[in-house]
Amino acid sequence: MFELRYSRGKQNCQGSSRRDFLRVGALGMGSLTLSDMLRSRAQAATTGQSVKDKSVVWLWLGGGPTHVETFDPKMTAPAEYRSVTGEVKTNLPGVTLGGNFQKMAAVADKMAFVRSFAHTNSGHSGGTHYVMTGY
Numbered sequence: 001m002f003e004l005r006y007s008r009g010k011q012n013c014q015g016s017s018r019r020d021f022l023r024v025g026a027l028g029m030g031s032l033t034l035s036d037m038l039r040s041r042a043q044a045a046t047t048g049q050s051v052k053d054k055s056v057v058w059l060w061l062g063g064g065p066t067h068v069e070t071f072d073p074k075m076t077a078p079a080e081y082r083s084v085t086g087e088v089k090t091n092l093p094g095v096t097l098g099g100n101f102q103k104m105a106a107v108a109d110k111m112a113f114v115r116s117f118a119h120t121n122s123g124h125s126g127g128t129h130y131v132m133t134g135y
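Counting in my numbering, the sequence shown runs from 1 upward without gaps.
For the record, the hints were derived by calculation from the structure and aren't laboratory data.
For glycine and all other residues, C-beta sits at the position ideal for the given N, C-alpha and C.
Misleading hints may appear alongside valid ones.
[To be verified] Pair by pair, the computed Cβ-Cβ distance ranges are:
#	residue 1	residue 2	range
1	S125	L59	16 to 24 Å
2	G48	A77	30 to 38 Å
3	P78	A45	54 to 62 Å
4	G94	P65	15 to 23 Å
5	L38	D109	23 to 31 Å
6	D109	S40	29 to 37 Å
7	T85	T133	39 to 47 Å
8	F117	T33	23 to 31 Å
9	T46	F113	36 to 44 Å
10	P78	Y135	34 to 42 Å
11	A79	D109	27 to 35 Å
12	D109	Y135	28 to 36 Å
13	L59	D36	24 to 32 Å
14	F113	S40	24 to 32 Å
Produce the complete structure using the sequences and hints provided.
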C-alpha cells in the first residue's frame, strides 16, 4: 500500500495537506514522463546535442515585503487589504504582480506562482519550517 503520509519526528500538521497531494501528483506525473525524458536524453547523447539543464529559483522573502506588495496584489479586495503600490498586468491572463515588478511581469509566462499554502502551526518559524521541509 502506498502511504501518503510519513513520519520524520515531530509533525506540526494534522491530516493530509496540499503538499501531500502535490507529492503524490508529482510521482504520478513523473512516472508518465520519465520514459520520454530518458529517451530524449539518450537521443541527445547519440547526436551530440546538449541537454538543457533545468533549474528552480525558490524566492522566499522571509522578513521582506508582504505577498500583497509583491506577487499577490489583491486589487479587488477592500482598500485595507490590497497593495498600496498598485498592480502590473503580466502576459498571463488573470495574473498580476505588485506595482514595482514591471520587468518581472514581462517574463511571467516563464515562472510558476504558488500563491497559497497552509499549515496548522500558528508560529511563523514552525510554519516556515513545515513549508520548507514538508514535516
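Hint check results:
| no. | hint | verdict |
| --- | --- | --- |
| 1 | S125 - L59: 16 to 24 Å | 19 Å, holds |
| 2 | G48 - A77: 30 to 38 Å | 54 Å, violated |
| 3 | P78 - A45: 54 to 62 Å | 57 Å, holds |
| 4 | G94 - P65: 15 to 23 Å | 22 Å, holds |
| 5 | L38 - D109: 23 to 31 Å | 27 Å, holds |
| 6 | D109 - S40: 29 to 37 Å | 22 Å, violated |
| 7 | T85 - T133: 39 to 47 Å | 32 Å, violated |
| 8 | F117 - T33: 23 to 31 Å | 24 Å, holds |
| 9 | T46 - F113: 36 to 44 Å | 37 Å, holds |
| 10 | P78 - Y135: 34 to 42 Å | 36 Å, holds |
| 11 | A79 - D109: 27 to 35 Å | 30 Å, holds |
| 12 | D109 - Y135: 28 to 36 Å | 33 Å, holds |
| 13 | L59 - D36: 24 to 32 Å | 29 Å, holds |
| 14 | F113 - S40: 24 to 32 Å | 27 Å, holds |
Hints 2, 6 and 7 from the list above are not met by this structure, while the remaining hints are.
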